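Asks: Read off the chains here:
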Amino acid sequence: MSTLTIDERVHRITERVRSRSTEATYRQCDQKTRYGCRDSRQCSHCNVLAVDLGCGASWSDSDGGWDAHSDWSDR
Amino acid sequence: MDAVTTAQPTAASALPTPAHCLRASDGRLVEYSPLQLLVMQSTPLCNIDCAYCYLPDRQNPKRMRMETVDAVYSDLMTARFVGKQFTTVWHAGEPLTASIRFYADAVRSSHRLAERGCKVVHSIQTNATLVNDDWCEFFKESAVRIGVSIDGPADLHDRNRRNRSGQGTHSRVMQGISLLRRHGIEFHVICVLTRHSLDHPDALIAFFASIGIQRLGLNIEEIEGANRVSSMSVPDSADALRRCLVRLHELAAKEGIVIREFDSLRRYIYSGRYGRVNVQSLPFGVVSVDVEGNYSTFSPELLTMRHPRYSHFTFGNIHQEPLSSMLDSSHFRSVYSDIQAGTNRCRTTCEYFCLCGGGAPSNKAFENGTFDSAETTYCRLAKKSVIDVVLPTIESELEIRLDEGNSLVAITS
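If you read the sequences in order, they're chains G and S. Using this note's numbering, read the first sequence as starting at 1 and increasing by one per residue. Using this note's numbering, read the second sequence as starting at 1 and increasing by one per residue.
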């Protein structure tokens with residue numbers, strides 16, 4: 001069980017993701033067009049690869065925050 | 001009104017998040033969110049009668065007039081809170097009880113926003129019981145996005161999603177889904193989780209996999225509006241939900257089903273932009289317009305609701321005043337003040353704040369009686385439980401990779 005707060009845990013994740021080279025990951029990504037590329041540097045690759053290779057910074061802000069559209073659409 | 005952009009940190013260790021302010025007529029600066037979601041109630045009428053529905057007035061056959069639709073989009077042509085894109089969702093009743101022609105005209109009406117460089121995406125959330133070939137042709141022609149409400153296999157779905165004669169609607173929903181498939185129309189599914197369904201995660205995923213669903217949203221039954229009692233209001237719900245979510249997470253990954261709650265949180269964390277403000281807690285992030293043109297903001301569930309403390313959440317009518325004029329309404333100011341106070345309570349009392357941003361104001365009002373409050377059952381179930389499932393998964397993935405540093409270099413270099 002982690003003794004860190006949620007904030008600290010998320011911060012730690014962010015730091016680790018940032019420490020990886022997203023550009024290098026992008027160049028090596030042989031499926032980079034599978035989900036469409038949003039610009040010349042960003043790879044919007046599948047969730048698993050984004051996690052595994054640390055290219056999470058590629059997720060577009062236009063996808064919305066996790067709270068933006070999540071909770072209300074239907075009951 | 002003047003638009004002002006500032007930078008304002010929202011959580012202790014979070015990155016500064018751009019904030020936006022509008023100046024009200026009395027000179028006050030009011031923080032707002034750019035419009036992300038426009039909820040339009042084409043009709044309050046629903047042809048079925050789900051046990052957990054929060055919407056009042058579901059037998060009211062009124063239809064929104066096209067003059068109301070035009071008035072909304074005309075107003076948005078010059079509104080300061082409109083950015084480059086937003087979604088219009090037709091909701092708060094069963095949208096398919098209105099006519100195809102209505103939506104065709106409404107979509108056309110929204111096209112004027114292109115003149116200001118704004119794209120409007122239309123979305124319909126339907127129970128699918130009224131889908132026919134004509135609707136399918138319209139969906140294809142108009143590129144309207146479709147979401148279908150179905151709660152899993154018949155025995156789970158029909159417990160709550162029934163017609164007014166008390167009969168289950170599952171078979172009719174499946175007919176609608178078959179038609180959508182036959183026409184090659186993509187759609188996502190929203191499934192409401194009740195206390196009963198929490199014990200059946202395997203059956204849920206097996207069913208959705210069997211009908212080829214790839215995108216699944218989970219709504220947890222809430223106490224809200226007309227739904228005064230929730231099956232989730234029992235002591236073991238939190239534990240049962242957590243067990244269910246863990247199992248759904250595991251099974252969905254195997255079946256290639258993307259679950260909205262997990263996926264969007266993962267994206268949010270991996271974006272490195274966590275800590276930004278909660279759109280439901282700021283005006284204009286979500287704007288809701290009812291069948292008569294009355295408008296509201298903050299949580300979309302507030303539209304058409306009555307409340308003992310706040311009376312109502314209508315801040316104006318589009319036929320009488322522009323949306324931005326709500327900033328000058330004393331009722332709006334009172335509601336917003338309480339919502340801000342509630343968000344501050346969350347900020348100082350809840351360690352999940354950095355990923356949540358203050359919860360849902362509607363749940364605070366209906367569960368706690370006031371917006372100026374913090375935790376709700378909804379928070380515990382729909383927010384904290386999801387975070388508790390997803391966060392360790394991400395940490396595990398990263399730690400595995402960190403332990404295998406040489407492999408990572410080999411992959412990326």
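If you're looking for bench data, these hints aren't it; they were derived computationally from the structure. These figures come from a predicted structure and were not determined experimentally. Ideal Cβ placement from N, Cα and C applies to all residues, glycine included. Some clues are possibly wrong.
To be verified - Some but not every residue of chain S turned toward chain G, in silico, with C-beta under 8 Å:
id : residue
1  : ASP26
2  : LEU355
3  : LEU398
Asks: All hints, please: hold or fail.
Replies: To see whether the hints hold, each was checked on the structure:
1. ASP26: violated, 30 Å
2. LEU355: holds, 6 Å
3. LEU398: Given a least distance of 5 Å, the restraint on S/LEU398 holds.
Checked against the numbered hints given earlier, this structure breaks only hint 1.
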